[in-house]
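Protein chains: 2
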Amino acid sequence: MNAVARKPKLWRFFFLLEKQMMFFPILILLINQASKMNAEDGAMEELATEKEAEESHRQDSVNLLTFILLLTLTILTIWLFKHRRVRFLHETGLAMIYGLLVGVILRYGIPATSYHNKTPPSCSLKEGPVSTLLLNVSGKFFEYTLKGEINSREIHNVEQNDMLRKVTFDPEVFFNILLPPIIFHAGYSLKKRHFFRNLGSIITYAFLGTAISCFVIGNLMYGVVKLMQFVGQLTDKFYYTDCLFFGAIISATDPVTVLAIFNELHADVDLYALLFGESVMNDAVAIVLSSSIMAYQPAGANTHTFDTAAFFKSVGVFLGIFSGSFAMGAVTGVVTALVTKFTKLHCFPLLETALFFLMSWSTFLLAEACGFTGVVAVLFCGITQAHYTYNNLSEESTTRTKQLFEVLHFLAENFIFSYMGLALFTFQNHIFSPIFIIGAFLAIFIGRASNIYPLSFLLNLGRRHKIGGNFQHMMMFAGLRGAMAFALAIRDTATYARQMMFTTTLLIVFFTVWVFGGGTTPMLSWLHIRVGVDPDQDLQQCGDNFLVLQGDGTVPDGSKTRQESAWLFRLWYTFDHNYLKPLLTHSGPPLTSTLPACCGPLARCLTSPQAYENHEQLRDNDSDLILNDGDLTLTYGDTAITSNGASSSGGDAAGGSDGGRGVNGKRSGSTSEEALEREMDQEFLSRGTRLVFPIEDHA
Amino acid sequence: MNAVARKPKLWRFFFLLEKQMMFFPILILLINQASKMNAEDGAMEELATEKEAEESHRQDSVNLLTFILLLTLTILTIWLFKHRRVRFLHETGLAMIYGLLVGVILRYGIPATSYHNKTPPSCSLKEGPVSTLLLNVSGKFFEYTLKGEINSREIHNVEQNDMLRKVTFDPEVFFNILLPPIIFHAGYSLKKRHFFRNLGSIITYAFLGTAISCFVIGNLMYGVVKLMQFVGQLTDKFYYTDCLFFGAIISATDPVTVLAIFNELHADVDLYALLFGESVMNDAVAIVLSSSIMAYQPAGANTHTFDTAAFFKSVGVFLGIFSGSFAMGAVTGVVTALVTKFTKLHCFPLLETALFFLMSWSTFLLAEACGFTGVVAVLFCGITQAHYTYNNLSEESTTRTKQLFEVLHFLAENFIFSYMGLALFTFQNHIFSPIFIIGAFLAIFIGRASNIYPLSFLLNLGRRHKIGGNFQHMMMFAGLRGAMAFALAIRDTATYARQMMFTTTLLIVFFTVWVFGGGTTPMLSWLHIRVGVDPDQDLQQCGDNFLVLQGDGTVPDGSKTRQESAWLFRLWYTFDHNYLKPLLTHSGPPLTSTLPACCGPLARCLTSPQAYENHEQLRDNDSDLILNDGDLTLTYGDTAITSNGASSSGGDAAGGSDGGRGVNGKRSGSTSEEALEREMDQEFLSRGTRLVFPIEDHA
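One line per chain: the protein sequences are A and B, in this order.
Straight run, no breaks: the first sequence in our numbering ends on number 740.
Straight run, no breaks: the second sequence in our numbering ends on number 740.
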């Protein structure tokens, strides 16, 4: 992990470059003024600084108010659009437009005045820059901290660009404050069933596809860079690794707009699962890929030559960071599950929610503290929490946690997008290079195409339920770039190459979100992709034979076909169902029946009383996992049995009358994907232990 | 408002004094290192700083992890205590104990090592400290920002106290990040009915009482200070205004522990309302009072003499800040109400919640930007939101917003209390002065006594339902000091006097929370205060005559008695019921019936369709407002009419079957105060328009 240590700028929470403002649920203003907790200056001096500080604080409040009002305006316009069913512009696109407008106003509308218009005093030192500097003013010592280097031409307007600098966030804010809730929410709200059904394809697209896309884009861009050097348009260094880095950051797709429209129109669930899964996973891949490429960079003095050792080191770094982050996320998820299982915390939903929140957050910190990637850890933590902890939470906490993260996610996402709009005009080091920009637009299409089409072809060889041509075109089309590409690009804008990348990324995000996002609805109809699909009907259409998992978790022979990574997957499923679920949650078969007899006492003490009650009749919802693309064969009977043993017809169960923990017949729409919103609230209906008899039992 | 500008340290969000960490919902680490977005240093230099920064970031993550684990531990222990019904130690007391333990470990357990153990380089300037300093290192310029003055004895261990400094938050974090959600929650979860019933008494205790307490404590402490000077124990200046300031900060009571126990035991509702209302309001009063005292301070060169002009200026500042902040809060609340009323935002609960959150937050910023007190504005915003906006929210949003702020409140409160524990050992400028501490303990008791007993006597002259002796003793006993006193004290610890105050405040908080908080249950039984009270029964016991409000909001004569500020109150109520409620919410009588005929067209366009539907049968829940202490005479019939006109028996209505917006008979417990938690979820049952006929109508 030493190589990780060299990722430039990767591990910084420094908010000191600009007069920072930070927005997340409660706002933080950071002003580069002195806090004088221990100061004992003269009263006059203090009063002067006092006034200045107060003025500065007030200004910051005003700036932030601007942001809040921007978001408020966005929300109101979103409502208007939703109300009038406008689909050509998604809320994120809208947030960007508002951001752009405010950016223009800040840039050109407000005269660049500053309250004291002088060059700050300077002093000289022989040594290099140090983080802490002492200033001796007639015997009194003052501590100063390094803010950064400034160009000699900028010295005279250090104070003048204040307004623009004030609205510039530290890049790390995006990484450490705004992305975690977005990513956690993605993991936590994952529609397990369709996700796992397409897991093989998703992983292929996310890992192999992102790597292909990264290298294709990287190489194409290297060609573009060579062309620029040839034409004489490139004034500074631009290495091959820079191109690869660009390939990595721009490979992170974010089809938030597309998925929102899918949700609204009830487009095909498998396509939805593929797109959602790919975009969630490839964010993680892109983060780790970009760090690995940076780890590669300093290995050789001449970065143009291919260094095998450095390459394998990078691969090692990739695997190390990825698996480390994955492990961190999974471990905290499991710990939370254990804590919620073995305490009766669910009697106090507030405590439970707070614990859930803190544990999920500590994943991020733990990963950062260990040198892994917090954001990636948070993604897998979210998935683990949804898979295990969720089953142990009280009814109230399930909705509470969902809603809490939903609000955080919503605010963070819209904030990022409106900030993107703002950044186009307020970021002060843009480098617009037409050749590079045109080259990048071409490269991302070629990169996306060489990800989707070849991999789909390969996957179709193994899939029963083929990924059709129209699906492939739609996936190609849905390769929008969004928050993650932006956050990765803004993370480091120190060099000429990075500044050019940042500018280009910003333009790509604008273009894809507006044009592709807006074109989703026409594209869907043009490609003849089914809309208005009821995910349950969808299942029934595909076959009437059914697959039921025995109480001990084994799958009856005869009804299974070739699956994506079938044996590994079934192995994992069986292990999860027989040991992990019962160990970590209140659901699943009792451990006493799945563990060997010698472990009896241990098993008894680890099994929760609920598990015994449910035994025999138990049929875990996750049996859906076993279903693969070709086998949409699951049917349920009409009779549902509530967990307390009372029998009711499927129609009655639809209301979820026993408070969401109940048992729903197949037709009650328990896994309906009608709307993400409704899903959020309903998802608890489809979790938990389901006690559904196959129809034959009653025939 | 110019005087406000001189409040020292009052308006700072500077997080730069220490290696700051910030905790709120998502955590922010602030490290005093350079961010080098635009830096183009040599690679070696960069790598070195890189490593250092990374190390520093990792350390910060570990520190924060400590905080998170501390909170997690607290939550688990709270659960254990609740589970075992332990009442001698409340969660806040527990959080303090854990904080203390970690403080001891940080202070004594970890050797003060640092990764580079040298005195930082220094340079000299003739001018005073400037906020921005340039450093010229062989032609390159680096920008530095002022961190603060340091003592010459501390120069050599600038880096050594890192660990302790890292866990030291900027005081403004408490004020600007942690307090707002706590205060907003207090306002938003206010139990309107009992609060308004005792409004007169609450305002008397909060305004007059806090002022009395402040001056009594201030004068007593001035005596103590004189004594210390006489004995020779005081080594530095300690002005009369310092004493008054101490009186102001220590007058803010925070009976969170007591109220939690009241809730659990269902203690007397009127006592609860008095205590809750007083503590909420006197926080606001204490904040503004302390700013006003600071505004007084620099008026005369000799602060010992009484300066009439300065005194009145302070009073003016007090009134200005208070009314300004009040207006800000009310205005944003009203704007939110209007927006939620006139858009169909309630179809999209997520948007609605986000809007609600942003608008409430913008109150804080707006007040800060205008030079008022954000925290006070947020309190009144919370009350306004609860009174108006709440009625317009969708069912989902009502729970969502409640729960969101409940979680934020819980986390913030526990964080503050555990930080208090930590601060006892990690704050580095404690001044323990036994005389001052003993004097302060005596002063706060005398101050509390001269607040409660004389005012209760005066209030009892005007109240029918007297505040009994046991109630008075309980209020005396419940004068715990908590988060607000701490936040006000830590805000400025620059001078000797302030450091001594901070230390003393900390000790007072510990003592009162542990001893008085723990003694609540025995005290309740010793004072023979009723527990296990059903608030509805409570009402019925008091009389059988009833008071019903006509549809037009006038109160029938004959059943009313002397009220606290009766005419003003009734005037306000009538205005609120007839004009504000119908204008701002979907409830209340249609404006067309309350406004004069000439305003017809305007009234029609401002009245929501729901209001017409409800007209004739309308009986607003807020008629409870009219009830004063002496007249607990409200009874309802057994028959409730749901808003769509269907009639059902009171017993049936109890389930709130029509989704919380329905109508509940009196006995259905719609205003039950059994538990704060349940109230949160249930409160929407008691809001909205109630259509209850008095029993006579059916007899």
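Treat the hints as calculated values from the structure; they're not laboratory data.
There may be inaccurate statements among the hints.
As the list claims (entries may be wrong) - The calculated lysine-lysine pairs, modelled on DSS-like cross-linking and capped at a C-alpha distance of 27 Å, are:
#1 K123(B) to K385(A)
#2 K267(A) to K278(A)
#3 K123(A) to K267(B)
#4 K278(B) to K385(B)
#5 K181(A) to K278(B)
#6 K267(B) to K278(B)
#7 K278(A) to K354(A)
#8 K278(A) to K181(B)
Nothing here was measured: the structure is a model prediction, and the numbers come from that model.
Status of the hints after comparison with the structure:
no. : hint               : result
1   : K123(B) to K385(A) : holds (10 Å)
2   : K267(A) to K278(A) : holds (11 Å)
3   : K123(A) to K267(B) : violated (69 Å)
4   : K278(B) to K385(B) : violated (61 Å)
5   : K181(A) to K278(B) : holds (21 Å)
6   : K267(B) to K278(B) : holds (11 Å)
7   : K278(A) to K354(A) : holds (24 Å)
8   : K278(A) to K181(B) : holds (21 Å)
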